[in-house]
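Got chain Z sorted already, so can you dock chain Y onto it with the hints?
Each protein sequence line maps, in turn, to chains Z and Y. Count the first sequence with this note's numbering and you get residues 1 to 304, in order. Count the second sequence with this note's numbering and you get residues 1001 to 1386, in order.
Do not take every clue at face value.
[As the list claims (entries may be wrong)] These stretches of chain Z come out as covered by chain Y in the derived footprint (C-beta under 8 Å, 3 or more residues):
no. : region
1   : 39 to 52
2   : 109 to 116
3   : 133 to 146
4   : 200 to 206
5   : 215 to 229
6   : 256 to 266
[Unchecked claim] 16 Å max Cα-Cα, derived EDC-like pairs, lysine to aspartate or glutamate:
no. : chain 1 : residue 1 : chain 2 : residue 2
7   : Y       : Lys1312   : Y       : Glu1292
8   : Y       : Lys1155   : Y       : Asp1173
9   : Y       : Lys1358   : Z       : Glu2
10  : Y       : Lys1129   : Y       : Asp1383
11  : Y       : Lys1078   : Y       : Glu1068
12  : Z       : Lys124    : Y       : Asp1258
13  : Y       : Lys1333   : Y       : Asp1350
14  : Y       : Lys1279   : Y       : Glu1292
15  : Y       : Lys1210   : Z       : Glu2
[Said to hold, decoys possible] From chain Y, some residues computed to sit far from chain Z (all C-beta separations above 10 Å):
no. : residue
16  : Lys1083
17  : Gly1184
18  : Glu1189
19  : Ile1224
20  : Ser1233
21  : Ala1277
22  : Leu1318
Bear in mind the hints are in silico, worked out from the structure with no lab data behind them. This structure is a prediction, so every number in the text was calculated from the model and none was measured. Using N, Cα and C, we set each Cβ at its ideal position, and we do this for glycine too.
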Amino acid sequence: MELFIEQSLNGLQLGLTIFLLAAGLTLVFGIMGVINLAHGSLFMVGAYGAALTAAKTGSWILGIAGGLAASALTGFLVEVAIVRRLYHRDHLYQVLATFGLILFFNGLVALLVGRAPLLMETPKALSGFVEILPGIPYPTYRLAVMAVGLTVALGLWLFIARTRTGMLIRAGSTNRSMVAALGVDIGRLYTLVFSLGAMLAGLAGLMVGPIRSVQIGMGEQVLILTFLVIVIGGIGSIRGAFVGSILIGLVDTLGRAYLPSLFKVFLTGSIADGLAGTLSSILIYLVMAVVLVVRPRGLFPVSE
Amino acid sequence: MIFKALTTAGAALLVMTTAAAAQVKIGFITTLSTPAGYLGEDARDGFNLAVDEEGGKLGGTPVQVIVEDDKLRPADGKQIADKFLQSDKIKLFSGIIFSNVAGAVVPGILEADGIYVSPNAGPSPFAGKDCNANYYVTSWQNDNLHESAGALAKKLGYKNMVLLAPNYQAGKDAITGFRRLYGGGVIEEIYTSLDQTDFSAEMAKIRSLKPDAVFQFHPGGQGIAFLKQWAQSGLKDQIAMVVAAPSLDQRIAAAAGDAAIGIRATAHWNVDFPNEANKAFVAGFRKKYNREATIYASQGYDTAKLIGAALKATGGKLDDKAFRTAMLKADVKLTRGAFKFGPNQHPIQDWYEIKAVKAADGSVALETVGKVLENHGDAYAKDCKL
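One chain only, chain Z, in its complex shape (with noise of 0.2 Å):
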């Protein structure tokens, strides 16, 4: 029982670092009607922003805000130079660009930084347990990745669905011309979004920088999961990703963990372990067949 409840808070914690990577991800591609797959990038320029900062002042926080800096203002870069050309073209042009950044922002990198992984520490105040339930430790730094993951959750659907903004975003995501033609500027408004979006996913890469390996291509690993995510949820729908990732975040992680030993009731050894092991990595999918199948919109389908 206590294992269950350690490995429910693991698929939590999953759930929510993917749901950082995909409430910008769904933004810009329901909103933006952009594919872009240079997503994971700013990830990767997060958590290369937050190392770089945080060995240069040996302080975590100027490391945070350095990530977030860096991949806010990046995201804003690419929007203006190459994104915003791209809003009428066609899904192949978009897919095309953006993975081309793919490419331009890893050849960057190791041009910059250099090939090797580069170091980045747990903060020192975030590196003990703590004991949730008696018996079960809990690294301190995983809870901080929740509730930093909570709290944006929670944050987005205030902004969207209070603030004025949030009320021009879903507005411009519905009638693009009509809030064009009410007088405001759409083209400054995609440019915040997309901004958005880009620190989001550069938060999601600092936050995994202590516990995953910061290094060129990590962006690419997450971005996979990331679609998926979004596909399940509803392109569009924040809290379609955020289901989605907890969801996924949750099959992932007790698929992981109980599948070898339902299949060790059946067969014996390597092979149940072997099985269980191929089984366990596709699963995320199956599920997403499952769900596609059921509501082919996703769980949360954002209205036409």
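Below, chain Y alone, put in the same frame as chain Z:
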């Protein structure tokens, strides 16, 4: 006056053409892009360092090293090899890091009567009955990495272990290799997925299984993530961990920081080996590239040295028989110390226990503890008839 200038120019041209005729071209196909790009970068730089030490020569023969990036794609590697063979007329090859690339590239080179000297990948299919007289491996037969880790676990007296590896061929080979010399109890084998970066589920499970020690094979970024999460989960203070060399190289240790301290690995080379050849190499590498040498750099360097020794004996000729006789003598001091080729032209060498410790300046250093295996060959050599 004009006549004199012309004859000088003519003489210079003549010198250049004779020099070019004696020059040996080496096709170096390696992985420079992708997250694993630092492996190929180090192998290339180690190889070039040996060439530079002799002023552009190996064993007295002028060489030209032509480097291309295989991007970790077997098809790209094959294409580069074909180009090297056909347009550049290259006969001598090296550089490949990954076994899947080697699997696609090496047969084509050998069919075209080329010579391949591997500085890293040593997959089993080319070590047994399909071994080849023109195929040399200077690094290891892949299984050695895990066999030596298994031997270390046995030496340390672990009885109940959990073994983890990614769910693909090299991961399964790792676990098989480890078990070959470990011989103790295995509570569970856990197969992770190849793109996995979060291991919290596996670690919670390990906590509940309570093993003496864990063996995990996750090279590169996955390995860094594993070490960080292992330390964060608090398991590092309770359960010992043994890994193979690719899961604890100098770059991984530097990127994992304190999370790496106390982890043990096995390797055939370490930066602190006290022999003269290694001291010169480590200092030379630092001076030229301004960074610490890695195991991949040492392998690139040793490969160049072995090729150099062979070229010296043949006077720069790549004639199959003479080159092979000279190559198999391995008459040169390598950075790793004792080395000879086994019957399948794969290494017979010593394996050492390496431990990550905190250095005086606060960084993580890899320290050699002692020998684990002596004159260790591989399990496939007996099937090779050369």
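The hints, checked one at a time:
Evaluation of the coverage hint for the region 39 to 52 of chain Z: breached, as 0 residues show C-beta separations to chain Y shorter than 8 Å, against a requirement of three. Chain Y is given as covering the region 109 to 116 of chain Z, and this holds because 4 residues of the stretch bring a CB closer than 8 Å to a CB of that chain, at least three being needed. With 4 residues bearing a CB less than 8 Å from a CB of chain Y, the region 133 to 146 of chain Z meets the requirement of three and the coverage assertion stands. Given as covered by chain Y, the region 200 to 206 of chain Z fails the check, having 0 residues with a CB less than 8 Å from a CB of that chain where 3 are the minimum.
Check result for the region 215 to 229 of chain Z against chain Y: holds, 7 residues qualifying (beta carbon to beta carbon below 8 Å, three or more required). Counting residues of the region 256 to 266 of chain Z whose CB falls under 8 Å from any CB of chain Y gives 3; the rule of at least 3 is met. Straight-line distance between C-alpha atoms of Y/Lys1312 and Y/Glu1292 comes to about 29 Å, which puts the hinted pair past the 16 Å bound. Restraint check for Y/Lys1155 and Y/Asp1173: not satisfied, since their Cα atoms lie roughly 21 Å apart, outside the 16 Å limit.
Proximity of Y/Lys1358 to Z/Glu2 is assessed by CA-CA distance (about 35 Å); at most 16 Å being required, the pair is judged violated. Restraint check for Y/Lys1129 and Y/Asp1383: the C-alpha separation of about 5 Å stays at or below 16 Å, so the hint holds. Only pairs whose Cα atoms come within 16 Å are accepted, and Y/Lys1078 paired with Y/Glu1068 is accepted, the gap being roughly 11 Å. With a CA separation close to 12 Å, the supplied pair Z/Lys124 and Y/Asp1258 stays within the 16 Å bound.
For the proposed pair Y/Lys1333 and Y/Asp1350, the alpha carbon gap of about 14 Å is at most 16 Å, so the pair holds. About 12 Å separates the Cα atoms of Y/Lys1279 and Y/Glu1292, which keeps this hinted pair within 16 Å; it holds. Proximity of Y/Lys1210 to Z/Glu2 is assessed by CA-CA distance (about 15 Å); at most 16 Å being required, the pair is judged to hold. Non-interface call for Y/Lys1083 relative to chain Z: holds, since the shortest CB-CB distance, roughly 22 Å, exceeds 10 Å.
No beta-carbon of chain Z is positioned within 10 Å of the beta-carbon of Y/Gly1184; the least distance is around 16 Å. Some Cβ of chain Z comes within 10 Å of the Cβ of Y/Glu1189; the nearest lies about 4 Å off, and the non-interface call is violated. Look at Y/Ile1224: its CB is around 4 Å from the nearest CB on chain Z, not clear of 10 Å, so calling it non-interface is violated. With a least beta-carbon separation of about 6 Å from chain Z, Y/Ser1233 fails to lie farther than 10 Å from that chain, contradicting its non-interface assignment.
A cut-off of 10 Å between C-beta atoms confirms that Y/Ala1277 is not in contact with chain Z; the least separation is 25 Å. For Y/Leu1318, the shortest C-beta to C-beta distance to chain Z comes to about 32 Å, beyond the 10 Å cut-off, and the non-interface label holds.
The structure shown violates the earlier hints numbered 1, 4, 7, 8, 9, 18, 19 and 20.
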